[in-house]
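Between the sequences and the hints, there should be enough to build the whole structure, so can you do that?
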Amino acid sequence: MNQINQLPGIIDNRRQIKNIFIAGGVGAIIALLFIFLDVAIGNITGGNLSGLPQTAVERFNEFQQNTLLGLYHLDLLNMVVQIILILPWFALYMAHRDANHGLGMLSLIFFLLGSTIMVSGNTALPMLELSHKYFATADVSQKMLYAAAGESLLAMGAHGSPGIFIGFFIPNIANLILSVVMVKGGIFSRLNGWLGIVGSIFMLLYVALVNFVPGVEKMATAFAMPGGLLLMAWMIMFTVRLFKMAK
13 MNQINQLPGI IDNRRQIKNI FIAGGVGAII ALLFIFLDVA IGNITGGNLS GLPQTAVERF
73 NEFQQNTLLG LYHLDLLNMV VQIILILPWF ALYMAHRDAN HGLGMLSLIF FLLGSTIMVS
133 GNTALPMLEL SHKYFATADV SQKMLYAAAG ESLLAMGAHG SPGIFIGFFI PNIANLILSV
193 VMVKGGIFSR LNGWLGIVGS IFMLLYVALV NFVPGVEKMA TAFAMPGGLL LMAWMIMFTV
253 RLFKMAK
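Numbering-wise (this note's numbering), the sequence shown opens with residue 13 and increments by one.
Read the hints as simulated data drawn from the structure, not as lab findings. Check each hint, because a few of them may be wrong.
Claimed, not checked - Quick list of simulated restraints, FRET-style, between CB atoms: (1) Gln154 / Phe46: 33 to 41 Å; (2) Ser132 / Ala234: 45 to 53 Å; (3) Gln28 / Ala167: 29 to 37 Å; (4) Ile98 / Leu221: 26 to 34 Å; (5) Thr149 / Trp206: 51 to 59 Å; (6) Lys196 / Asn73: 44 to 52 Å; (7) Gly114 / Lys145: 45 to 53 Å.
As the list claims (entries may be wrong) - Here are the computed lysine to any residue pairs in the SDA-like style, where the Cα-Cα straight-line distance is at most 25 Å: (8) Lys30 / Ala167; (9) Lys196 / Arg253; (10) Lys145 / Leu124; (11) Lys196 / Phe177.
Model, not experiment: these values are computed from the prediction. Note that beta-carbon positions come from the ideal geometry of N, C-alpha and C, so glycine has one too.
Next comes the structure, spelled out in structure tokens:
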């Protein structure tokens, strides 16, 4: 009798887990669309980090000329993608809750920690606000004040600067851990896991080199492209699997 009484709860629990898998799959599709948009914009505008505006005033001028491009160059799109990816990451953790709870939880913690650091450290919207104030005043001393504030923000959050290193590095550590879980767990294919491992290693190298090795900025796309493509393939494969698991 006890087991019969427990059946509705078991069924509801399975339904909730399936809904989590669906939400994770939908979130991954939305994130992938934004990632493809990121790749397209990067190819159109060029991937040379040294070609980006270098000073706060140059950033303000970019906002005046093209607000969306200015926001893009300060990683607003990356921040949005990172927030959306929380859904698939939770779904992937749930998928591995029995196979490898410990490493799955560790991956989720690293991902949430890295995402929090990335989002809290993003300077796109504060820089846009400073840009408006900079051009709204004719007072030279006020302009200098806003420019100084902008330089401070760029030191904390300009793309390719050490200030954003942790926010980009930790989520890729989470990718690597999760990919190892996939290889060992038997729930996703080993190919899926290995794509994530190799792609994550490429991206970890890219983030480290672009932040700490002088001159690498000019070849940023060459470092990021293999890792990015492998991780997109990794995401497509685990998205398909999440939807299959939700049936």
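We went through each hint and held it up to the structure:
1. For Gln154 and Phe46, the Cβ-Cβ distance of about 36 Å falls inside the hinted range of 33 to 41 Å, so the restraint holds.
2. A beta carbon spacing of about 30 Å between Ser132 and Ala234 contradicts the range 45 to 53 Å that was offered as a hint.
3. At about 45 Å, the beta-carbon gap between Gln28 and Ala167 misses the expected band of 29 to 37 Å.
4. Between Ile98 and Leu221 the beta carbons are some 27 Å apart, a value that agrees with the proposed interval 26 to 34 Å.
5. Look at Thr149 against Trp206: about 55 Å separates their beta carbons, and that is inside 51 to 59 Å.
6. A C-beta distance of roughly 51 Å is found between Lys196 and Asn73, which places it inside the suggested range of 44 to 52 Å.
7. For Gly114 paired with Lys145, a C-beta distance near 49 Å keeps the hint of 45 to 53 Å intact.
8. For the hint linking Lys30 to Ala167, the alpha-carbon distance of about 43 Å lies beyond 25 Å, and the restraint is violated.
9. In summary, the hint linking Lys196 to Arg253 is supported, as the alpha carbons are separated by about 16 Å, within the 25 Å threshold.
10. At roughly 33 Å between alpha-carbon atoms, Lys145 and Leu124 are farther apart than 25 Å, so this suggested pair is violated.
11. Distance check on the hinted pair: Lys196 and Phe177 sit about 29 Å apart at the alpha-carbon level, beyond 25 Å; violated.
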